[in-house]
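K.L.:
Sequence:
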Amino acid sequence: MTSAYIFFGAIAILYFIIMIPVQYSYISGMKERSRNTSLSQQEMYDQMPVQEEQLHYHVQGNLFNLPSALVASLIYKLKHR
Numbered sequence: 001m002t003s004a005y006i007f008f009g010a011i012a013i014l015y016f017i018i019m020i021p022v023q024y025s026y027i028s029g030m031k032e033r034s035r036n037t038s039l040s041q042q043e044m045y046d047q048m049p050v051q052e053e054q055l056h057y058h059v060q061g062n063l064f065n066l067p068s069a070l071v072a073s074l075i076y077k078l079k080h081r
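Counting along the sequence shown from 1, when you hit position 59 you're at 59 in my numbering, and nothing is skipped either side.
Just so you know, the hints here were simulated from the structure itself, not pulled from any lab data.
Don't take each hint at face value.
The calculated label-pair distances, taken between Cβ atoms and stated as ranges, are [said to hold, decoys possible]:
id : residue 1 : residue 2 : range
1  : 28        : 66        : 15 to 25 Å
2  : 46        : 5         : 39 to 49 Å
3  : 3         : 77        : 31 to 41 Å
4  : 13        : 47        : 35 to 45 Å
5  : 80        : 10        : 26 to 36 Å
6  : 4         : 46        : 37 to 47 Å
7  : 5         : 44        : 36 to 46 Å
8  : 70        : 37        : 37 to 47 Å
9  : 46        : 12        : 30 to 40 Å
Backbone N, C-alpha and C fix where the C-beta goes; we use that ideal spot for every residue, glycine too.
From just these sequences and the hints, can you work out the full model?
P.N.:
Below is the structure:
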C-alpha cells in the first residue's frame with residue numbers, strides 16, 4: 001500500500017515539476033500579449049475566441065495545475081520586478 005502512495009506521489013511531483021516551465025511560458029505570453037494590445041486583462045479575456053478561453057481554463061483553472069501555476073507566477077514576478 002505504501003509503495004502505491006510513493007508511486008503516485010512521485011508521479012504528482014514529476015507532473016508538478018514538468019508543468020512549471022509550461023505555466024511560466026503561458027503566463028509570460030499572456031503578459032506580453034496584454035502589453036502589446038494595451039487592453040486590460042478583462043477586455044483581453046472578453047475578446048478571446050471560445051477555443052482560446054477553453055485552453056486558458058484548462059491551463060490555468062485545472063486543480064492539478066494550481067501548484068505549478070503558483071510557482072510559475074512567483075518566478076515570473078521575481079524575474080520581472
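K.L.:
Indicate, hint by hint, whether the structure satisfies it.
P.N.:
Against the structure, the hints:
1. Taken as a hint, the range 15 to 25 Å holds for the pair residue 28 and residue 66, whose Cβ atoms sit roughly 18 Å apart.
2. The supplied range of 39 to 49 Å is met by residue 46 and residue 5, whose beta-carbon atoms lie about 44 Å from each other.
3. Taken as a hint, the range 31 to 41 Å holds for the pair residue 3 and residue 77, whose Cβ atoms sit roughly 38 Å apart.
4. In this structure, residue 13 and residue 47 meet the distance hint of 35 to 45 Å, their C-beta atoms being roughly 37 Å apart.
5. Remark: the range hint 26 to 36 Å for residue 80 to residue 10 is upheld by a beta-carbon distance near 32 Å.
6. Hint check: residue 4 to residue 46, Cβ distance near 45 Å, so the stated range 37 to 47 Å holds.
7. Between residue 5 and residue 44 the CB atoms are about 42 Å apart, so this pair conforms to the stated range of 36 to 46 Å.
8. Residue 70 and residue 37 have their C-beta atoms about 26 Å apart, which leaves the hinted 37 to 47 Å range violated.
9. The supplied range of 30 to 40 Å is met by residue 46 and residue 12, whose beta-carbon atoms lie about 34 Å from each other.
Taken one by one, the earlier hints fail for this structure only at number 8.
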